[in-house]
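Using the sequences provided together with the hints, build the complete structure.
Protein chains: 2
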Amino acid sequence: APIPGNADHGQVLFETCRGCHAIDGYRNAYPNYPVPRVAGQQPDYIVDALKAYRAGKRNHPTMQAQAASLSDQDMADIAAYLAGHGHTQ
Amino acid sequence: APIPGNADHGQVLFETCRGCHAIDGYRNAYPNYPVPRVAGQQPDYIVDALKAYRAGKRNHPTMQAQAASLSDQDMADIAAYLAGHGHTQ
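Chains L and C supply the protein sequences, listed in that same order.
Sequential numbering of the first sequence, starting at 1, is according to the numbering used here.
Sequential numbering of the second sequence, starting at 1, is according to the numbering used here.
Among the hints, erroneous ones may be present.
Unchecked claim - Simulated crosslink set (DSS-like; lysine-lysine; CA at most 25 Å straight-line): (1) C:LYS57 <-> L:LYS57; (2) C:LYS51 <-> L:LYS57; (3) C:LYS51 <-> L:LYS51; (4) L:LYS51 <-> C:LYS57.
Since the hints were made in silico from the structure, they are not lab data.
Since the structure is predicted, the reported quantities are computational estimates derived from the model, not experimental observations.
Set out below in structure tokens:
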């Protein structure tokens with residue numbers, strides 16, 4: 001079963017992610033690409049995506065770098081934060 | 001600039017997608033994987049993802065099959081529907 005996440009710790013971890021995931025209009029200036037909205041996303045998908053980035057199965061360079069530093073517990077914490085009260089704006 | 005989408009047509013197109021994207025708890029029974037929540041997702045990301053599936057750059061088999069049948073306009077329509085009033089449940 002998925003690891004229970006600690007949303008408070010997830011919020012701390014997510015601070016780093018705001019640079020892209022919390023921008024207005026969800027379109028990053030440089031490099032110019034559409035950023036997915038993760039607030040309210042369902043937790044198993046967030047964990048699945050982060051693990052895929054960590055394993056190099058999903059190939060966004062910034063995301064791979066971010067995910068490389070996250071433990072399974074960190075990922076569960078971030079997922080819990082985003083699912084429950086992810087206010088990205 | 002992105003093609004303006006027709007949300008009404010997008011809603012019709014999205015009916016096919018409910019089988020996975022609207023299930024309770026967002027975890028598909030078979031094959032067992034976490035389904036991303038797309039209601040409320042930002043439109044450019046939806047179009048970007050669908051185009052990546054259509055081009056085979058993102059490799060989920062079911063999604064590639066679905067995206068193969070969608071035109072750019074269809075994708076914009078679905079994105080408009082999901083961004084604005086995507087009630088998947």
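Each hint tested on the structure:
| no. | hint | result |
| --- | --- | --- |
| 1 | C:LYS57 <-> L:LYS57 | holds (12 Å) |
| 2 | C:LYS51 <-> L:LYS57 | holds (18 Å) |
| 3 | C:LYS51 <-> L:LYS51 | holds (23 Å) |
| 4 | L:LYS51 <-> C:LYS57 | holds (18 Å) |
The earlier numbered hints are all upheld by this structure, with none contradicted.
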